[in-house]
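K.L.:
Sequence:
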Amino acid sequence: MTDERAGRTEAYDYELPAELIAARPAARRDASRLLVLDRARGRFTDRDFPALLERLSAGDAVVVNDSRVFPARLLGRKPTGARAEILLVRPESDTLRPFAPFDETDTRLWRAIVRPGGKLKPGRSVDVADGFAVEILDSASDGTRLVRLAGDDDPWSLIQRHGRVPLPPYIVRDARDEPGAGREGARRARDDDDDRERYQTVYAVPSGSVAAPTAGLHFTREVLASVEARGVRLVSLTLHVGFGTFRPVTADRIDEHEVAPEAYSFSSAAAAALNATRAAGGRVFAVGTTTCRVLETVAAGPGTGVSAAGPFEPGRGWTNLFIRPPYVFRAVDALVTNFHLPRSSLLMLVAAFAGRELALEAYAHAIRERYRFYSYGDAMLIT
87 MTDERAGRTE AYDYELPAEL IAARPAARRD ASRLLVLDRA RGRFTDRDFP ALLERLSAGD
147 AVVVNDSRVF PARLLGRKPT GARAEILLVR PESDTLRPFA PFDETDTRLW RAIVRPGGKL
207 KPGRSVDVAD GFAVEILDSA SDGTRLVRLA GDDDPWSLIQ RHGRVPLPPY IVRDARDEPG
267 AGREGARRAR DDDDDRERYQ TVYAVPSGSV AAPTAGLHFT REVLASVEAR GVRLVSLTLH
327 VGFGTFRPVT ADRIDEHEVA PEAYSFSSAA AAALNATRAA GGRVFAVGTT TCRVLETVAA
387 GPGTGVSAAG PFEPGRGWTN LFIRPPYVFR AVDALVTNFH LPRSSLLMLV AAFAGRELAL
447 EAYAHAIRER YRFYSYGDAM LIT
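Mapping of the sequence shown onto our numbering: residues 87 to 469, in sequence order.
Source of the hints: derived by calculation from the structure; they are not laboratory data.
Watch out, some of these pointers could steer you wrong.
[Unchecked claim] Okay, the calculated beta carbon distance ranges per label pair:
#1 E314 to R163: 48 to 58 Å
#2 E314 to G167: 19 to 29 Å
#3 R282 to G167: 53 to 63 Å
#4 D240 to I453: 40 to 50 Å
For glycine and all other residues, C-beta sits at the position ideal for the given N, C-alpha and C.
All chains, full assembly: derive it from the sequences and hints.
P.N.:
Spelled out as structure tokens, the structure:
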């Protein structure tokens, strides 16, 4: 395929049998499979997730996104009795504070995605529970609504008490149990007690994501301990995953797509650890596309991998970095990631890292070998 072809969204399409979409997590976090993709040799190997440890060497660093998913999905009814859904995205105060702690916010104003979007216009409201309603105030150009949480308790307590795990829309279980909005809602999965634990990494700390950084779901505390026991640095950063993770690339050309900004925080300690890793010749393993995007945002200077000339620089703010071919990586030497949706910006990032044709060959192999796909699915290590 030509470079011109690689710039088109259709070049990142593939057919996935519906039965390969994982509706529930594996029995154990680390019981997932691992497809190891060697870029230099153009070869992939079928392993189990703990085989990741074999690829690590003393002096390397494993970097994770420690953002915590909050119960952002509010299900309720309009005054007519029709079902409705509010997906909270971020506090409106975040427009003033680039990295406000969600669990300390006292604002009742939020940006949200609402369903059914055509009927929940400004001036309408949704009753979530007794003493708790969501009022639609205004529309924004990015497709979100400005909403007010109206209730007899502080906003965060209301969210924690009545919110549900914001499972991705492609997870389908028993539609008869789903109290969501309309036909679309009836196809979406209802979360359960297991999701509240499993749609969360074991190292999650600050609340703020509306989707899990899913590559990290495979790690147990025992696996993390084994990583450090090998002399590998374990480094945390934060990127709050926003609604853009669900947004498909609809433009014909990928350079016409924009990724919604997401809040990140990269500490001085994390920068020092990774700069020390680089100085000693170690490799940086990014766990997930969100981690990768932050590292590429905060890495200074030209280069690829261990040859990167500039240091990692601490900071916090917003990133809308859209990584797609022919991006030149500066910060990341290896990537742990799940299998992503066709035509998605996440698949384009993987294609930029592995090479588009090789990445799609690996996906075709995973389909033939019956890997489990998407958030609760299996993992891939690209070295």
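K.L.:
Are any of the numbered hints broken by this structure? If so, which, sorted upward?
P.N.:
2, 3
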